[in-house]
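Engineer: Protein sequence lines correspond, in order, to chains A and B. First residue of the first sequence? That's 1 in this note's numbering, and the numbers climb one at a time after it. First residue of the second sequence? That's 1001 in this note's numbering, and the numbers climb one at a time after it.
Because the hints were derived from the structure by calculation, they are not lab data. By construction, the Cβ of each residue, glycine as well, lies at the ideal position given by its N, Cα and C atoms. Do not take every clue at face value.
Once the Cα atoms are required to be at most 20 angstroms apart in a straight line, the calculated SDA-like pairs of lysine to any residue come out as [as the list claims (entries may be wrong)]: (1) K31/A / I71/A; (2) K132/A / G146/A; (3) K110/A / Q1183/B; (4) K1093/B / L56/A; (5) K209/A / H227/A; (6) K109/A / V1268/B; (7) K1222/B / Q1183/B; (8) K109/A / G146/A; (9) K1093/B / H227/A; (10) K137/A / S1223/B.
Chain B stretches covered by chain A per the calculated footprint, using a threshold of three residues with CB under 8 angstroms from any CB of chain A [what the hints assert, rightly or not]: (11) 1015-1025; (12) 1037-1045; (13) 1120-1134.
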Amino acid sequence: MYMTNSIINLEHITHKFNHSIALSDVSLEVKQGEFWALIGPNGSGKSTLLKIILGLLKPSQGTIELFGGPIDSFNQQQRIGYVSQKSNAFTTKFPATVLEVVKSGLTAKKGLFKRFDKEDEQQAIDALHIVKMADRKDESIGDLSGGQQQRVFIARALVSHPDLLIMDEPTVGIDRQNVESFYSMLSELNREYGIAILLVTHEIDVVTKLATHIACLNRSIHFHGVHADYEKMSEAELSGWYGHPIRRLHQKETEPVK
Amino acid sequence: MIEAIFTYEFLQNAILSGLIIGLIAPMLGLFIVVRRMSMISDALSHVALAGIAGSLYLSQQVLFFAALNPVYLGMGAAVVGSLLIERLRRVYKSFEELAIPIILSAGIGFGAIFISLAKGFGTDLVGYLFGSVSAVSRQDLYIVMLIAVMVIAFIYFLYKELFSLAFDPEYARVSGINERVIQAAFMIITALVIGASMRIVGILLVSSLMTLPVAAAIQVAKSYKGALVYSILFGEIAVVIGLISAYYLDIAPGGTIVVTSVFILLLVLFWKKVRS
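Just chain B, with the same shape it has in the complex (with noise of 0.2 angstroms):
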């Protein structure tokens, strides 16, 4: 695989771009998790579906959208659905969980109907849903890395204030943190990593990047920082050993890498257990 990734670029790209996932995705997973926003991902990865199927579609009818590279419109989309969540949040105080599954209808109503329009997308679609080694080119690698930039600038500049917010909003609010800006922020920031890591890890497998190597990360640290450190490494492990085994099987990378993220999970798990 060595001389391989050497030799081809998709290779490179998909190497590459995996990488910087696991980095980011775990990374912005853990201020996610433990703010206990988890469907969130999940939602605007459905949002990001619509935008993508839209995006594929009116490139059958529109000479413009042939050559424009879906990942724009589905990361369009997911901006767009993060913005409506913190609205609808705020519409529906009492039930703010509500927000998610309307979200999260709407992406996939509006997917289905692109896809229906389209009769069906093929492999392309399902590069989209899954994740694909051999699809990710190199302007898909240079938006993971611009967004990724973007990403770690967030977080380590505004690394206290997230902080605070995720462990108690309340005395957060009350001690002037504008949690209204850095919330809205935050949710762009997520469409943003859900929209740059759809094309490795698939819309439907995204969130759990996000998740898994946090769960397993919050098992094991006793610091925020700690769990930082753990999310991302747990995530790296993932993303390699499911690219390797994805180039070798020649499967959707998506499902190795999730797959992967599992079992880190359950040796955690295991190994908490048979510690205590």
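Chain A with its partners taken away, still in its complex shape (with noise of 0.2 angstroms):
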């Protein structure tokens, strides 16, 4: 049973790869309005469950529900907004100013054959405000920094107003003093609009600051729960999880621990 507030409903889900198991049991649930982070090491298939929960992966076993529907018949891909890694995502040099990208977001909702309207634009423009990237609007995208980038794909997700942004690992490549601005702006999003927000990420530290629910994927779930209780977990059960030593960071310490 899910509850009618349910986003995303994973239920025992297990995926293999040939014959090598990359998620064992996987269950997890996210509500409206929650700020779920989602970490591990790497290849401990946080990848491989974001590709299922976006459907473009079929897991080998367990049930997937978006919106409290299977996720087979789900076709409101718009409530969904999706923010990749920042390298993966698009070259350089491609000729596209920031206004045209956004506006690419509505592509789906707005359906086959029909045309992109001024109210189109507008809405493009008022997700570029939200993240205060509106004055930028008719420069070419390479002309951006990593930071800037990212957040014009953020507005991308954000201008069919979904319900529930999806972010994989979105600061690889961008510097250090954008990433903190970069995550209040999530928290900020997650707060005032509340969309709610399952971001997959290596930065622990930053990360378990902001959101209000943590999951700590290894295959299967080692963890999963309120800030809170993550807070409780001493270093020792950390490290047994993560792999390798952690150490928590207190605040008056700068340089966070993968």
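Combine both chains into one complex, guided by the hints.
Structural biologist: This is the structure we're talking about:
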């Protein structure tokens, strides 16, 4: 049974690539307005799990429900905004303006054979206002810094007014200064607009401060729950799950440890 | 030349076909180049060669084919080739680009067999390989016009889907765009444009008109719409200068059009360097 405000409900997901197990018996539920950080070491199955949620991969076993219904009959893709790793997203010399990129987020919602109109353009500008990039709308996407480009991709994900944002390590390739302001913007989106967020990341210390819920994945879920419970885990427990020593940082320490 | 255009129908056919191709080839070419599929047009044009050579050979053997415009079989072969490339790209998922040399080799292979069987085709075949000002018939012009209408409608109505797939295919798939159907339609349209263009620029040079004006355009454009406009502009300049010089120098227009495109690209690169 799913709750009425359930956005993602994964039950007993197992996935195998040939004979190796990528995910084993993963169950997870994301509800409206929650900010989930999905953390785990390299090769822990984070990206595989995202692909399964996004419908790009069919799991070997288990069930997936999106917005209360089975994934196979799900056809409201505009309710999910997706932001991938910046490095995979596009060729930097691609000739496109910021506004053109953001408008492309409305493509599926608009439907086949229909062209963008003034209203769509205004929606794209509104989305750019949210990520504070509206004044750069006519610039070429390749001329922006990594952090600015990632803001534009968030605007593209937001333009269709999604209920859920899924992000796959969105800060890869962004300099450290911009990472913090990027994350505080995510936190604002979650608090002020009530958008649920599922964020896959390596940056444990930054994100665990912002997320309301945390899931630790290493092929299977080792912990999932609210932020306060995560904080209670000892460094030894964390290290045991992560596969190498983890040290928690205190406020005065500046360099987060991965 | 102006007087000759009004006097000779073949010149009217060549000029009008050229202007239409100068519009549609770079227009579609932009989507091909930004998706890093430039070699696909090369592969398809070689498959078209097999179709043309097959048609010319059969025209010596079977009466029906003697009356058939070889462009039809050329275009049909390119369409079949485009669908085979799509199929092979799925078979060799990790080596998608392998589909292109496979189809290209098959095209040249069949082309060589038909040419050998027919003991060569003389000027007919040279016209198809490098283009011809004098060989464009009224029927060829009508085919070019029909294909142009299809291409313009395709790009006009599916512009946003084509842009999304070109810019970020993974995002496009996740957002619910039916990539498979649009990609298959795109390949068929590409094959048709190659079929339409080969009378003027020739099979061996048709892919150049789809890529060179675009290569120059993406150097100067900031937006995608801008890149589309510049691609068409550079394509038209190349066609007009190429056709005029081919007429006066009595040489194959494919060569003059492509060489003009190369000069435009060099000028743009030079201008960009000076400016920076």
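Engineer: Which of the numbered hints are not met once you compare them with the structure shown?
Structural biologist: 6, 7, 8, 9, 11, 12 and 13
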